[in-house]
Amino acid sequence: MRYILFIALKLLLERKRQTTVSTLGVAIGVSAFIAMSSLMMGFQGYFIQQVIDLEPHITIKPTEEIDEKRIVKKFDGESLVEIYGSKPKEKDKIIGWKDLVEELQKENRISGVAPRLVTRGILKYGVKEKPVTILGIDPNLEPKASIVEKFLENKNLHLLKSDKDTVIIGKLVAKSLGIREINKKLILVTPNGNSQLVKVVDFFNSGITNIDDARVYINMKTLQALMERPNESNQIILKVKDVNEAEKISKNLQKRLPFQVESWQRAYANFLSIFKIQNIITYMIVIAILTVSAFGILNIISMTVMEKRKDIAILMAMGYSRMDILLIFLCQGLIIGAIGAIIGCIVGFGLQEYMESIELDVEGIVRTKGFVLDRSPMYYLYGSLFSLLFSILASFYPSYKASKLNPVDIFRSGG
Amino acid sequence: MKILEVKNIVKKIGQEEILKGINLSIERGEFVSIVGASGSGKSSLLYILGLLDRPTEGEVYIDNKKIDFDSDVSLIRNRRIGFVFQFHYLLPEFTLLENVMLPLIKAKVDRKKAEHIAYELLQMLGLNGKEKRKIYQVSGGEMQRVAIARALANDQDIILADEPTGNLDSKNTYKVMEIFQEVNSKGKTIVMVTHEMDLAQMTKRIITMKDGTITDDKRLEL
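So the sequence lines, in the order shown, correspond to chains A and B. Residues 1 to 415 (our numbering) are what the first sequence spells out, left to right. Residues 1 to 222 (our numbering) are what the second sequence spells out, left to right.
Because the hints were derived from the structure by calculation, they are not lab data. All values derive from a computational prediction rather than experimental measurement. Warning: the hint list may mix true and false statements.
Stated by the list, open to error - Capping the alpha-carbon separation at 20 angstroms, the derived lysine to any residue pairs in SDA-like fashion look like this:
{"hint": "1", "chain 1": "B", "residue 1": "K134", "chain 2": "A", "residue 2": "F6"}
{"hint": "2", "chain 1": "B", "residue 1": "K7", "chain 2": "B", "residue 2": "F69"}
{"hint": "3", "chain 1": "A", "residue 1": "K276", "chain 2": "A", "residue 2": "L39"}
{"hint": "4", "chain 1": "A", "residue 1": "K150", "chain 2": "A", "residue 2": "N210"}
{"hint": "5", "chain 1": "A", "residue 1": "K404", "chain 2": "A", "residue 2": "K276"}
{"hint": "6", "chain 1": "B", "residue 1": "K108", "chain 2": "A", "residue 2": "R2"}
{"hint": "7", "chain 1": "A", "residue 1": "K310", "chain 2": "A", "residue 2": "L405"}
{"hint": "8", "chain 1": "A", "residue 1": "K16", "chain 2": "B", "residue 2": "F94"}
{"hint": "9", "chain 1": "A", "residue 1": "K10", "chain 2": "B", "residue 2": "E131"}
{"hint": "10", "chain 1": "A", "residue 1": "K10", "chain 2": "B", "residue 2": "K132"}
{"hint": "11", "chain 1": "B", "residue 1": "K171", "chain 2": "B", "residue 2": "L199"}
{"hint": "12", "chain 1": "B", "residue 1": "K112", "chain 2": "A", "residue 2": "L5"}
{"hint": "13", "chain 1": "A", "residue 1": "K10", "chain 2": "B", "residue 2": "F69"}
{"hint": "14", "chain 1": "B", "residue 1": "K12", "chain 2": "A", "residue 2": "V408"}
To be verified - Here are some chain A residues the structure puts well away from chain B; computed CB gaps all over 10 angstroms:
{"hint": "15", "residue": "L13"}
{"hint": "16", "residue": "L24"}
{"hint": "17", "residue": "A313"}
{"hint": "18", "residue": "L315"}
{"hint": "19", "residue": "R322"}
{"hint": "20", "residue": "L351"}
What the hints assert, rightly or not - Derived, one-sided and incomplete: chain B residues facing chain A with beta-carbon distance under 8 angstroms:
{"hint": "21", "residue": "Y47"}
{"hint": "22", "residue": "L52"}
{"hint": "23", "residue": "Y61"}
{"hint": "24", "residue": "R77"}
{"hint": "25", "residue": "N78"}
{"hint": "26", "residue": "Y89"}
{"hint": "27", "residue": "P103"}
{"hint": "28", "residue": "K106"}
Cβ atoms here follow ideal geometry from the backbone N, Cα and C, with glycine treated the same way.
Chain A with its partners taken away, still in its complex shape (with noise of 0.2 angstroms):
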């Protein structure tokens, strides 16, 4: 072999110019995946893993259920109407919660289990008003469940349970009422219309907009005593020990259980969805880069063959097989990916170290302070690997034309 690498390197050599080219084509295909990939994954990675941290691996919730009888037919004069929106025949609560969690808590599977009372709420601060989600949470059980006290600013939780008229609120909810500091005082309005003065303890700060923009944590007794709903609640959330097991284990729940049971990845099955198109589109662009830099291979070895058809003549009369030929100018094909891979893989670190080296706010899905890289080695295994298979596809069909070459008709053509 080593004399068909010393061909191929010579060859490549003295084609100075349009191997720096091709080289550098799959250079930018290589550079192009490290970079975008680690950009992609690492915002993706970044938004599953405050998801997974933030929200419950499992929910359970009352099954929502329409009554059918109470979908109302009648003539309209000459028409019949269907009237739907019927209110659900269930009442929103979990009865029996409280044997429910004491079951969870001893499943193997399940790390930590939490009640709520979930509603809907108004925030008043001022003359400000913001909707929001209110969330009744048990103080001590909730950290089991959700790594809640991750987020908070002033790791304050503890306050929820000693006074019970505090809350905390979310970072983009408290800048939209315009709160910038704890200790403030804000009415909560509920659905049923009653309303109480409340002390904001902690900011609660997750990056994810969504959630920052509209979450409010409230003892759950205060939030049951303010809606009415002693010793309700209407969700009871799971941490289980492995979080790929979420949808498994919510499996068998649904199956045991009268509720309705929901893992993070059904509850974020858009976002998941959307990740997966994203994903396509970004590889989809990588793999046009690497496309055109293979066009770059094919073109130089093809002009390579045509111009080489002498010398290929020639190798093939001092011996050389036609496997031998094919082999050379397969490794030219080779050795431009593979330096190319080599190069691309440089320019993909310093674009990694340059991306995350910006310093920007980054408002979107998830808010962060630059941009989250994902940079794993995989992505430069991957890279390289493609282009190396790239580089082989684009040389093969010009080195086995080469290889098929009747050094005969060269001799007798003149060359």
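Add chain B to chain A, keeping to what the hints say.
Here is chain B on its own, set in the frame of chain A:
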């Protein structure tokens, strides 16, 4: 002892029969010239003798062993046969030394040893001091001498030359012929295609071809 033999060789290109049942045997150490008019089939016969082309019909023997053209004959070419053409066919990317080394590295000769052999061959052919030059830095006669060195690199015992002096002036032509005679004197078998009778006269045997057949075969007393 026969080193090369062909029996009933027929070569067709399309419908045209360019070799019509050639029978020929060449002894080890012979210096044979094949002469004939253009299109007489002399180069076609040389390509078949050199296993570069396969005959439509007939058999080729090297050292009385029948050549199977369905197998890979490239190794036999590499170890046994050296080619010299009218055009030098040197690879422009390589130095003169590297050009001579090409058959050696294919034969998996150690690089240092290959360099040594190539260096000695170039010296023998009067190219000392020019080993590291590229082909555009030497004359036509020198290029052809490099091509001869390349044909001898693996100590091949059969040298096939197709109009090797066709592009050379008379001084270089006779220089090449002298080299061939010297190589032949060391036991190498040389088959040379030429259309110049005065060069053929410098060989030991002249085979004349016409329209794909051998019309004359005479040995010369030198």
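Q) Are Y47 (chain B) and chain A close enough, Cβ to Cβ, to be under 8 angstroms, as the hint says? A) Status holds, d = 5 angstroms.
Q. Is the Cβ of L24 (chain A) farther than 10 angstroms from every Cβ of chain B?
A. Given a closest Cβ separation of 22 angstroms, the condition holds.
Q) R322 (chain A): least C-beta distance to chain B exceeds 10 angstroms? A) Violated, because the least Cβ-Cβ distance between R322 (chain A) and chain B comes to about 8 angstroms, which does not exceed 10 angstroms.
(Q) Against the 20 angstroms threshold, does the CA-CA distance of K150 (chain A) and N210 (chain A) hold or violate the hint? (A) It holds: about 18 angstroms lies between the C-alpha atoms, which stays within 20 angstroms.
(Q) Need the status of pair K310 (chain A), L405 (chain A): alpha-carbon distance at most 20 angstroms? (A) Holds, at about 10 angstroms.
(Q) Would the hint linking K171 (chain B) and L199 (chain B) be met if the CA-CA limit is 20 angstroms? (A) holds (13 angstroms)
Q. Does the alpha-carbon distance linking K16 (chain A) and F94 (chain B) stay inside the 20 angstroms limit?
A. Judged against 20 angstroms, a Cα distance of about 15 angstroms means the pair holds.
Q | Pair hint outcome, K134 (chain B) versus F6 (chain A) [Cα-Cα no greater than 20 angstroms] | A | holds (17 angstroms)
Q.
Min Cβ distance, Y89 (chain B) to chain A: is it shorter than 8 angstroms?
A. Result: holds, 4 angstroms to nearest chain A Cβ.
Q: For the pair we were handed, K10 (chain A) and F69 (chain B), check the Cα-Cα distance against 20 angstroms.
A: Violated. K10 (chain A) to F69 (chain B) sits at ~31 angstroms, over the 20 angstroms cutoff.
Q. Can the restraint linking K404 (chain A) and K276 (chain A) be considered satisfied, given a maximum Cα separation of 20 angstroms?
A. Roughly 44 angstroms separates the two Cα atoms, so the pair is violated.
**Q.** Beyond 10 angstroms from each Cβ of chain B, as asserted for L351 (chain A)
**A.** Check passes; 35 angstroms lies beyond 10 angstroms.
Hint check: violations occur at hints 5, 13, 15, 17, 18, 19 and 23; the rest are consistent with the structure.
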